[in-house]
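**Q** Given these sequences and hints, build the entire structure.
In case you want the letters, here they are:
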Amino acid sequence: MLAYGGKNLANNQVQIRLIIMLLAFFSMMVTIYMILLYAPEVATGFAAPKAQRIFYLHLPSAIMSYVAFTVVFVASMIFLNLKSYKADVVAFAAAEVGFLFCTLALITGALWGKAEWDAYWRWEDIRLVTFLILWLIFAAYLGLRNSIDEPEKKARLAGVFGIIGFIGVPLSYFSMYIWQTLHPIVISPGGGGLATEMGQALGVSFISFILIFLYILIKRVNIELLEQNVEQLKEQIEGDAYD
Amino acid sequence: MTDSGIQYLYIAYTAIWLVWFLYLVYLHFKQARLENAMKNLEVMVSSHGKKRKK
Chain C
1040 MLAYGGKNLA
1050 NNQVQIRLII
1060 MLLAFFSMMV
1070 TIYMILLYAP
1080 EVATGFAAPK
1090 AQRIFYLHLP
1100 SAIMSYVAFT
1110 VVFVASMIFL
1120 NLKSYKADVV
1130 AFAAAEVGFL
1140 FCTLALITGA
1150 LWGKAEWDAY
1160 WRWEDIRLVT
1170 FLILWLIFAA
1180 YLGLRNSIDE
1190 PEKKARLAGV
1200 FGIIGFIGVP
1210 LSYFSMYIWQ
1220 TLHPIVISPG
1230 GGGLATEMGQ
1240 ALGVSFISFI
1250 LIFLYILIKR
1260 VNIELLEQNV
1270 EQLKEQIEGD
1280 AYD
Chain F
1136 MTDSGIQYLY
1146 IAYTAIWLVW
1156 FLYLVYLHFK
1166 QARLENAMKN
1176 LEVMVSSHGK
1186 KRKK
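Order-wise, the sequence lines are chains C and F. Each residue of the first sequence is one higher than the last, beginning at 1040 in the numbering used here. Each residue of the second sequence is one higher than the last, beginning at 1136 in the numbering used here.
Just so you know, these hints were derived from the structure itself, not from any lab. Computed from a predicted model, the values in this text were never measured in an experiment. Virtual Cβ for every residue (Gly too), placed ideally from N, Cα, C. Mixed in with the good hints, there may be bad ones.
What the hints assert, rightly or not - Restraint ranges, calculated between C-beta atoms of paired labels, are given here: (1) F:1165 - C:1217: 36 to 46 Å; (2) C:1191 - F:1179: 18 to 28 Å; (3) C:1080 - F:1162: 31 to 41 Å; (4) F:1153 - C:1072: 18 to 28 Å; (5) F:1153 - C:1061: 15 to 25 Å; (6) C:1054 - F:1171: 20 to 30 Å; (7) F:1142 - C:1181: 30 to 40 Å; (8) F:1142 - C:1178: 25 to 35 Å.
Unchecked claim - BS3-like, lysine-lysine: derived pairs with alpha carbons at most 25 Å apart: (9) F:1174 - C:1125; (10) C:1273 - C:1153; (11) C:1273 - C:1193; (12) C:1122 - F:1174; (13) C:1125 - F:1165; (14) C:1273 - C:1125; (15) C:1192 - C:1089; (16) C:1122 - C:1192; (17) C:1125 - C:1193; (18) C:1089 - C:1193; (19) C:1273 - F:1174; (20) C:1122 - C:1193; (21) F:1165 - C:1273; (22) C:1192 - C:1273.
**A** Here it is in structure tokens:
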């Protein structure tokens, strides 16, 4: 039986995706209001107080990219242990979505850096460099998958890479504790902390980013399963043609 | 730095929405193409199955 088919997609799956999409859209509207109007402007400690609001987009993007690569790591382990090809599909979808969030974190970080430090990038900052390494690991994972045609070999090599590449996540996250960094530490241990309204705005932003991540991930997994089914049908037709 | 940086905030918002929107458009067209291919292939499989029965 095919893993996915337009007719086989259960109605409740479609409803779940629709609910997640609506919740994501609604929470994003609330997030925009809270970021632009509710959260207070932080005048002390920042050279560009208005640009500081990029924080509410930048931090959730970065955290979601960590979450995405953790999903790649877990799904890769499941695939290599249990030979579950659905796990491989989830790993691939999570890597693609994670790459997207990682890119957004780099873009928003660069914009905030330009506003705050008058520089889009600072090579001497270890946090920035390790996060760029994570982005390159994501890109290499996607490039590896794209370069191999044979499905089983592709899944196996990608699975191994997904496990080894996970080192980029703790490397990036803990870099600010191990090495000196210009990057601000806010909500992590040792950080300055947040005012109540700022914490609330950040919390709502996190919720909307999580919902967007879930919606895009589920959609991407379904599309990948559909693509695999199309390939299976093509092989079946080619096999029948030679009979 | 005397500029409050508001323009960077607007660019960041625009970039986030644009990237998500473009990605969702890409997924939408990819899904439509695959569903179309699936329908055509299913027709080919069923017509091939009928020919074999004959």
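**Q** Which hint numbers does the structure go against, in order from smallest to largest?
**A** Violated hints (numbers, rising): 10, 12, 15, 18; every other hint is consistent with the structure.
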